[in-house]
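Trainee: Residue strings, one per chain:
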Amino acid sequence: MARITAGVSTTHVPVIGAAMDLGKTQEPYWSPVFAGYEFSRRWIAEQKPDVVLLVYNDHASAFSLEIVPTFAIGCAEQFSPADEGWGPRPVPNVVGHPELAAHVAQSLIQSDFDLTIVNRMDVDHGLTVPLSLMFGQPAKWPCRVIPFPVNVVLYPPPSGMRCYRLGQALRTAIESFDEDLSVQVWGTGGMSHQLQGPRAGLINKEFDKRFMDRLIDEPEELAKLPHIDYVREAGSEGIELVMWLIMRGALDARVRTLHRFYHVPVSNTALGHLILENEK
Amino acid sequence: MALDKPYRDVPGTTIFDAEQARRGYHVNMFCMSLMKAENRTRFKAGERAYLDEWPMSEEQKQAVLARDYNRMISLGANIYFLSKLFSTDGRSFQYTAASMTGLSQEQYAAMMLSGGRSPDGNRFVGEKS
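Protein sequences appear in the order of chains A and B. Just so we're aligned, residue -13 is where the first sequence starts under my numbering, counting upward by one. Just so we're aligned, residue 88 is where the second sequence starts under my numbering, counting upward by one.
Just so you know, the hints here were simulated from the structure itself, not pulled from any lab data. Please note that a few of the clues may not be correct.
For lysine-lysine, the following DSSO-like pairs were computed, each having C-alpha atoms within a straight-line distance of at most 27 Å [said to hold, decoys possible]: (1) A:LYS126 - B:LYS123; (2) B:LYS92 - A:LYS210; (3) A:LYS191 - B:LYS123.
All values derive from a computational prediction rather than experimental measurement.
Pulled out of the complex, with its shape left as it was, chain A reads as follows (with noise of 0.2 Å):
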């Protein structure tokens, strides 16, 4: 059967794949960004995991206002970098894992979560940067990846509540697989970010930190946090906080912390990575 074997987020801004695609990673402004992430690189070369789900949003590169679809996983058996506007990302190909996406496809709509299938799609920098921070610069990417997009960019964005409920039946729909594999769920975006207005460049710490503690500890109670709070507090941009729930959601109530990372600024952005697996 297949299995979740661990939760990875991380934020998804795209200058950290320009840096990486430009050979920047040593200048002094990148390094301790990348520094936060040799742990991980070592902890996923031992993992080797077979699949990542890989929750992201669509920066309307894929979706434009033609069609937002609020849940949608893509069930292609490959997905190329989007250009965004300066070229697609010199990054491999995304191999997908069309069985599994379809299979977990199928569960999720008969529990309730009327996903959007995709089946032919680019994917934008939310989707290859945490490849990238994850894996670095391999030829190919050393796993297959079901993109799994949600809509943050049109007001309103699914609830925490919604989100973390969406991550249990994920996990339903994985662990009924019946090919063993080891799946990592990976929830990406945030931290505290705003992009846009008068008010662009803010940041707040103390909200990304605790926000970071109740996901560890008290994720139930994290996701009854109102959409209006996370505006607030973290940022207009900040709301893509809300896809972490779903990684958290398809693990157990309690987990163990193996690797955590909070770095201040990204270009706009709190940087913010975690990785969690169950206690058992």
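Assemble chain B onto chain A, guided by the hints.
Mentor: Leaving out everything else, chain B in the frame of chain A:
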């Protein structure tokens, strides 16, 4: 009954809700078109002519031509759509964000390096820190 929009009293912030998305549909779709290299070339060769291909208001077109990002956002544009426009100009998220704050690039970069804009005094319209 009107929808509850508690985010209206967050200072310096426009939430891209369904109402804003409706207002800005064509501006945002114009931005999407810049994801294709050939469209970027055409846009750069004649911005006004390219904008005239889109059923946007004159006010929206003027805001694009002036690269007035606060104005574009008030007229329904969203920052992730706008990223296609500022990327076409070779500008970054940080450059664009700074341009909306009234700070210089240097001041904004320094603010971020010193920990960013504090939420204190910035949670509610009219609030004093």
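Trainee: Give a verdict on every hint.
Mentor: Hint check:
1. Restraint check for LYS126 of chain A and LYS123 of chain B: satisfied, since their Cα atoms lie roughly 25 Å apart, inside the 27 Å limit.
2. In summary, the hint linking LYS92 of chain B to LYS210 of chain A is supported, as the alpha carbons are separated by about 18 Å, within the 27 Å threshold.
3. Between LYS191 of chain A and LYS123 of chain B the alpha-carbon distance is near 38 Å, which puts this suggested pair outside the 27 Å criterion.
Hint violations for this structure: number 3 only, all remaining hints satisfied.
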